[in-house]
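There are 2 protein chains.
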Amino acid sequence: MVKRTSQILRNLRKLMKNLAFVPETLHAYIVPGFDSHHNEYLSPRDKRRDYITGFTGSSGYAVITENQACLWTDGRYFLQAVQEMDENWTLMKEGTAESVSYTEWIGKNLPAGARIGADPWLVTHSSWENLENDVNKYGQELVAVDKNLVDAIWEDRPGVDVYPIQPLEIYYTGRTWKSKVREVIQKIKAEKAACYIVTTLDDIAWLLNLRGSDIPYNPLFFSFVVVCPDGRLHLFVDSDKVTVAVRQHLHLEPGSFVEIDIRESGAEGIALDVKVELHAYEELKDFIHSMVGTTDQGQFWFSPFCSQSIVSVIPKSRRLCKTSPITLMKNVKNPVELQGILESHIRDGAALCEFFSWLEQTVDSSEVDELTAVEKSREFRSSYENFVGLSFSTIASSGPNGAFVHYKPKEETCRKLSREEMFLLDSGAHYKDGTTDVTRTVHLGVPTDFQRECYTRVLKGHIAIRNTVCPVKTKGNQLDCLARIHLWNVGLDYNHGTGHGVGHYLNVHEDPIGIHRRPYPEDPGLDVGMVISNEPGYYQEGGFGIRIENLVHVVAASTNYNCGKFVTFEDLTFVPHQRKLIDPGLLTSDEVSYIDSYHTLCREKVGALLRSLGKTEALKWLIRETEPLG
Amino acid sequence: MVKRTSQILRNLRKLMKNLAFVPETLHAYIVPGFDSHHNEYLSPRDKRRDYITGFTGSSGYAVITENQACLWTDGRYFLQAVQEMDENWTLMKEGTAESVSYTEWIGKNLPAGARIGADPWLVTHSSWENLENDVNKYGQELVAVDKNLVDAIWEDRPGVDVYPIQPLEIYYTGRTWKSKVREVIQKIKAEKAACYIVTTLDDIAWLLNLRGSDIPYNPLFFSFVVVCPDGRLHLFVDSDKVTVAVRQHLHLEPGSFVEIDIRESGAEGIALDVKVELHAYEELKDFIHSMVGTTDQGQFWFSPFCSQSIVSVIPKSRRLCKTSPITLMKNVKNPVELQGILESHIRDGAALCEFFSWLEQTVDSSEVDELTAVEKSREFRSSYENFVGLSFSTIASSGPNGAFVHYKPKEETCRKLSREEMFLLDSGAHYKDGTTDVTRTVHLGVPTDFQRECYTRVLKGHIAIRNTVCPVKTKGNQLDCLARIHLWNVGLDYNHGTGHGVGHYLNVHEDPIGIHRRPYPEDPGLDVGMVISNEPGYYQEGGFGIRIENLVHVVAASTNYNCGKFVTFEDLTFVPHQRKLIDPGLLTSDEVSYIDSYHTLCREKVGALLRSLGKTEALKWLIRETEPLG
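As given, the protein sequences belong to chains A and B, one line each in that order.
All the letters of the first sequence, read from the start, carry residue numbers 88 to 717 under the numbering used here.
All the letters of the second sequence, read from the start, carry residue numbers 88 to 717 under the numbering used here.
Extracted from the complex, chain A is given alone in its bound form (with noise of 0.2 Å):
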């Protein structure tokens, strides 16, 4: 449907003119499709760029001059761009051979000396600098633009949703708060940092053992926090998200209980003393400006995905602009965090179960699609303990539906699932013990020679990323071609990377961490204990699509020389697949061994808890597709 923004352009470039909003007169002004935390989904409030385009895509950035106004997004979205814009708009496609990026269009239709402007809350610091370097080239001028111009000109922008934020025990955390901003301080203290900032929503959930819903599929609520090596933790947050509970956990209340954590019993157990402090959200920026005014000892600390907003308010002199503390303590799952992730996976995997065997069982005698799968299978899912919601938007696509990566069923394109066509099934779910993200392929009737060939070439390169030893620290992207070498021995090949980090009951993208084909400078490579998806597939246009996608955690390898440490994957996952669709022909020894134990596990894990539960037909389905195929 396309959007009418011939009025809204008109009173954004009245604004660009207006010296009540700008220092001067902007020539052009950039609206990025990000927020102020440099969020993977953005709330209704925060998704400006689709306000003023019509465009909703997950990927891209506008740029409105006086006479022209540009969308730049990637191929993904092409179509979709076209049929969501109106004439005033011009797409701009990024990744063709003729693509050129938005910095050097405006470098190139705009004169030298002219203004850009842009919210600095919502880019990065990192991306700032590019950008300023970018405009600079050119001769012209990078304007911070502090009163974003969207919002002044959005009459009907949705309002502030308070949702109560979450407490998450130790029964499921593994660790208490205060000794995880412990250890934060000590990092900082190895920096003589003067603090660290944290502006990333899931390392502040993380950190708290906290939980929010301020934003689609992810568990997390808008705050920041600001850890200072004298034992203060700052916490910025609407109030009325604070509960009572909250208040006990954080230890605000008089007499609230201390949670004791065993592990901190020796010398750190001593250490310390953790406080927190709560301001308003807003106040952060005037915080960090007093406090350059009042301490004249260390740099502050913050992640290059940092609001340049925050960063402006800090001399230059006094910027420790690096990778989050966090990340890597978040990326590594304690014991408990992992044996709450194998259980929600087991619970999970039971709940696929269910669904694909109701699937078999009612595909023929009714009316079953795409949105009834998705429905279903979430509705299998929330029957389980400790089920909160899904973790993404599912993906159910049925034959050539299958072929769009990253296809999410609507009314207009919804297909019947039929005993004609493949069916994939990309779905997860955030349990209070864990987040899961699994795919299944599947085929109700006789597969082609050729899908049979694809899907067991596909699962070849799944068995492979499962398989690998390799040294500890070894970063995904070099492991990623694993998983492509039998489609490209026959010229097939797939356009998306191959694995991505997995938080624990948080985003179930993760980063840094993951297989891509794409090098990711910040990935600290892979250790014990981080958790990926492995997801290799294969996309015929027109066709089909095929997917396989098991969550693993990173192991201790035994090998029978030791020159260093070395690692290796174990699954999370436990769903069977689907024996008709593997070509066993195509298989060594090893790999049908290997598909044989695994579904072995499934058959122990979830066909134990299926049991337990009286799912008979469920369990029925799984002892059936979990034969052995040797």
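It should be emphasised that the hints constitute simulated quantities derived from the structure, not laboratory data.
These numbers were taken from a predicted model, which means no experiment stands behind them.
Warning: the hint list may mix true and false statements.
Note that identical chains are pooled: a pair holds if it fits in a single copy or bridges any two copies.
Claimed, not checked - Capping the alpha-carbon separation at 25 Å, the derived lysine to aspartate or glutamate pairs in DMTMM-like fashion look like this:
| hint | residue 1 | residue 2 |
| --- | --- | --- |
| 1 | LYS372 | ASP122 |
| 2 | LYS362 | ASP580 |
| 3 | LYS90 | GLU242 |
| 4 | LYS276 | GLU507 |
Once you've looked at the hints, dock chain B against the given chain A.
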């Protein structure tokens, strides 16, 4: 041997305060180990860092302050640096947990406001920008010191040798220099640039079909080139090196024979005439400076490896810093170059068969040591057609010496070759039709089971790379793990890259292509016609070293399906892999077939040459060593 540097440092520190040499007193002076062209190997008069420190390793930076003198280098050279430097120098170890970079050290050890000097000829533009950023972070200033202070105090500095430049005939190059220049001009025009400034010596040698002898092991000559879109090519070179043959080749003589490039017979053939203008080597900077003043259109294009000194005369708004347009042209070999490379490898393989056959017969009866092996392998090579010289310093290592990856035999460390130890020979040569680089590891007695297992696993990695099928433009970094997984599986690894680009009778290390653990941001990805090495290894400290290296070239792959264009590799090197070191029980049937067919090719190609030359002993050795495994 320790070098005494007290007087040298006193002299240098005087100059750091002498306003005839520096614009203001310097607090520190940086001496990098590079020359004005960022060459890998330095001519003796460019070894400034060696002169002031005594340290002769290939990698390292020296920093001199009023009271301190420090050298930064990496783990390969810690021992050597300690042995070569006197008490004036502090070794700063790179790549250790406590290591600080030299800019960090300067930042923390000198006050804000300190002036840090360096010769901008010896620092590339991209390094200079990073250096300036780093220095500015600490409130310090980077000062370009135009007169090199080391040169000013270096009394016995070697003079300039005048080696004549040699034209390389079209029979070898397959393409006229004018045709190459015209292609560069097209690229300059596509960028709307005013010119391209060529500072990389192998770019110049390749572009003009000329070779020189100014640098050890690299057939290059000191020069700069400026290519202008109007067809003028300005060559800055010592006129004493420009012989009549070179003048004729460059069509500078009246009535010079004009080469016709048959591939240009079409539209391209009636293109722009290209004219060379000669200038003195030292005139480049003035030339650029005056060109900036006389042209007002277009940017000055240079590569990130261009010296800062040159870039400094170009106003920022007119700089275009971007990968050399010549790099990719040079990386992708034309059919004539490839044919020459293949033929030179057959001769090189014959020489190595002679060497190994000789070694086997001689090892018991007379004293053969590593230095003899170096000399003898050179001797065999030098008797073959088109031999010019070695392409790098031969690595010949016996037993435990093999565990040092970059080992070079010297009198002090030289071991006798024997039937008790493994022997590794990594060597190569320039022929007028191609450059070779090959490593073979042999055991002249009875290898242990562990040695055979390690050798076979290295070989499996070598075969995996050779037989990879992957999408065109796959970056070498993405394939690196294929060479390692068979070692990783048992807890072993090797601590170097797997492959590097190789020139056509040019540098044996030709960036930016190759197969590396770390990503090379400039790597254009694999394409048909590229030549790289394939050289996994394994090193057992105190025991032995194994490396197996062939050069391979990228060819189009034929695949069952065609989801895009796929490529694979073919071997260029034809020297047998020692059969007694191979454990066939560890090989798959595909791997055995590969070895047998590779050995058949060795017999066919190298065997035929040995037969025609009547080299009966070497031929007998080759036939025996290429018996089928299967």
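Checked hints:
{"no.": "1", "hint": "LYS372 - ASP122", "result": "within (16 Å within a copy, 48 Å between copies)"}
{"no.": "2", "hint": "LYS362 - ASP580", "result": "neither (53 Å within a copy, 47 Å between copies)"}
{"no.": "3", "hint": "LYS90 - GLU242", "result": "within (15 Å within a copy, 77 Å between copies)"}
{"no.": "4", "hint": "LYS276 - GLU507", "result": "neither (62 Å within a copy, 55 Å between copies)"}
In this structure, the hints that do not hold are numbers 2, 4, in rising order.
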